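Number of protein chains: 4
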Amino acid sequence: MEDTLEFKAQARALAEAGRLCAMRGWIPTSVGHFSARLNEQQIVITAPGLDKGRLDDSGFMVVDLDGHVLSGDQEPAAETFLHIVMYRRNPGIGAVLQSHSAQATALSRAFPQGLVLEHYEALKQLPSAGPGPTATAVPVFQNTTDMPRLASQVDDCMARHPELAGYLIAGHGLYTWGTSVEAAMRHAETFEFLFQCEVLSRTLDR
Amino acid sequence: MEDTLEFKAQARALAEAGRLCAMRGWIPTSVGHFSARLNEQQIVITAPGLDKGRLDDSGFMVVDLDGHVLSGDQEPAAETFLHIVMYRRNPGIGAVLQSHSAQATALSRAFPQGLVLEHYEALKQLPSAGPGPTATAVPVFQNTTDMPRLASQVDDCMARHPELAGYLIAGHGLYTWGTSVEAAMRHAETFEFLFQCEVLSRTLDR
Amino acid sequence: MEDTLEFKAQARALAEAGRLCAMRGWIPTSVGHFSARLNEQQIVITAPGLDKGRLDDSGFMVVDLDGHVLSGDQEPAAETFLHIVMYRRNPGIGAVLQSHSAQATALSRAFPQGLVLEHYEALKQLPSAGPGPTATAVPVFQNTTDMPRLASQVDDCMARHPELAGYLIAGHGLYTWGTSVEAAMRHAETFEFLFQCEVLSRTLDR
Amino acid sequence: MEDTLEFKAQARALAEAGRLCAMRGWIPTSVGHFSARLNEQQIVITAPGLDKGRLDDSGFMVVDLDGHVLSGDQEPAAETFLHIVMYRRNPGIGAVLQSHSAQATALSRAFPQGLVLEHYEALKQLPSAGPGPTATAVPVFQNTTDMPRLASQVDDCMARHPELAGYLIAGHGLYTWGTSVEAAMRHAETFEFLFQCEVLSRTLDR
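Those sequence lines, one after another, are chains A, B, C and D.
Take this note's numbering: the last position of the first sequence gets the number 206, and nothing is skipped along the way.
Take this note's numbering: the last position of the second sequence gets the number 412, and nothing is skipped along the way.
Take this note's numbering: the last position of the third sequence gets the number 618, and nothing is skipped along the way.
Take this note's numbering: the last position of the fourth sequence gets the number 824, and nothing is skipped along the way.
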């Protein structure tokens, strides 16, 4: 399965996304997981415990949308549930990325009720925003080791708010997605920029 | 038109400016536009939706100072009006750049009435400052999707204050300009440095 | 002794750790010391006064766990005691690193009674944390020029709290360790990320 | 004169210092000047208006300690006085550097009466500090366009406090020096690190 062109192309795009995120300080050590869709039923996802800045083809596994491992001999990370739930909900989603910067982490702890990003031109880079500078809600979920339960909370939230472009887990960073790895990276980059702006805005507003 | 030496030279200078701005975190994803003058009536400007860190010759279009597209088959970005208005007002302007850092964005939101930068040696790098460390005003305009109206507000402001070296749009970053792409980049770099200083000064002064 | 494969391998790993730390701004000029175990009785440690970003094989000396110099003609740095005490206490420790970032330094001064890091997913990257997002204590010791006394305080603290993954010295940065240079670097990276989060969290919480 | 080995070696060392400072954001655009001693009576100093990140041999001029230009056809920058005054006072000084980071600039404005850096291990990297973590005073001078007068104030201050390792000019950045370009860079790096710590400490202490 790791021989298919599709696998190789997606693994390469995810490895490049990991390299960029690591270089920018958005993924400390080996936290976080990146995934991309292979077809209707299968995704490629990072194997557990790897440094995201140095991924190669051997750093990925294939799982189906029921969570069965189709390649490799490792157990997938518990966070795999958080990826699968997105691909099942929306067939248009081609990639799910996690970014875990200090600013995403600090904001997720300071605003346990969720964050609203508004009056930023850069919101136009997110799928949920209209032509003008409007607002984007970013829900914050409590962190837990019960990943199936957390995945179900995310699924419920997405059912009610299909327009969401990303969410935070408290102390755990950002999940965002897109039609492709490139689109998801653009959303990660936009969110991280807006998180920087939020931290500075709250410092200046005091 | 894209074959002229003038076009190639200006496109190359703008691509290099974009690469530097992206590397320094002043242009998240594909926001912002860069332009340079080709002659009395024509400018080259970035096409919409491109990552400013990876521009090449195909990432630009030529428009005249009435807003007509002279090359390429794309619609120019609405922000093109904000560029044209500067070239029409001042024949000495050779380039207009937008930089969109987190500090520029946060300050533009915190000071909707405008910002005054004073008592900085680096102000000498801006055209409006005299030989000593004086002050530079940075107007802040409200953001809007009505670009022709915003362009007209900018034009009025420049008519009253021709000495201005740049302005902010709330939540949208800095516009600055110069006799060449290099000169405009020097102004962008100076403003971004002063914005960093302002954020730190306001943190220390509390 | 500098000819053994073991020496060369450990010196190379420490030089690479130094290069990464210097690049990230975690080791200003020539402060700090890095070490790795050669065998039950001997370690390799950086010679005094060197820039950690440009280490090569000649930048290291071999000392035994009684503090005797086994190679080179330099006196070891006084901080060598702080390294030896860890290797003597725990035969599983393969490397001890010091990182000295601005955030580690500022936190070590602001919290002389010690720091508790809690509710961070990244805590899972540290050996003392369990499967869920729990808490990690980071003791802060007073700085002093009496290194043998400080080493003895650290030793007493480790006897009472063998689960510790690192400690701070006030105004002096972080000491952390691991089974190998790579493992110790992962802990340094995790701590530095968490220190960034703590500084931002305390800024946002005010 | 630009043909001597001494000139070439010092120009190369200053160009490398400039490249490092620019890369770290300590020298925005073309502000600041770097110099190094050629002999008892002559120094090499950066020509006015150049980007410090891209210096080559043509970016320097030779002046004597009375301020006479010995090479090149440019007028030296007014700040040349601030360099000469140090070389005249202390024959052991081999280089004078200016670094102009946002944190140096913000601190110089927030503490017009001067700054005291204390309880930092990194102070040991500065010549004035003893074996233990003691304190270093950093005077802050008012900025002015009257450089001869400012140079005379600096000279008076150095006469009273020969142990000083650097000083700030309000809104204008840090002057520091050393026996060589490398030594002066180590002091600049130490001060910039300590300024970062000071900004963070004051943020945390509130």
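Among the hints, a few may not be true.
Stated by the list, open to error - The calculated label-pair distances, taken between Cβ atoms and stated as ranges, are:
1. A/Glu-118 with D/Gly-667: 38 to 46 angstroms
2. B/Thr-351 with D/Glu-693: 35 to 43 angstroms
3. D/Met-641 with A/Val-69: 43 to 51 angstroms
4. D/Glu-620 with A/Glu-16: 20 to 28 angstroms
5. C/Ser-592 with B/Met-353: 32 to 40 angstroms
Simulated from the structure, these hints should not be mistaken for lab results.
From a predicted model like this one, the values you see are computed outputs, not experimental measurements.
Positions of the beta carbon are idealized from the N, C-alpha and C atoms, including for glycine.
Now the hints, each set against the structure:
no. : hint                                         : verdict
1   : A/Glu-118 with D/Gly-667: 38 to 46 angstroms : holds, 43 angstroms
2   : B/Thr-351 with D/Glu-693: 35 to 43 angstroms : violated, 51 angstroms
3   : D/Met-641 with A/Val-69: 43 to 51 angstroms  : holds, 45 angstroms
4   : D/Glu-620 with A/Glu-16: 20 to 28 angstroms  : violated, 46 angstroms
5   : C/Ser-592 with B/Met-353: 32 to 40 angstroms : violated, 57 angstroms
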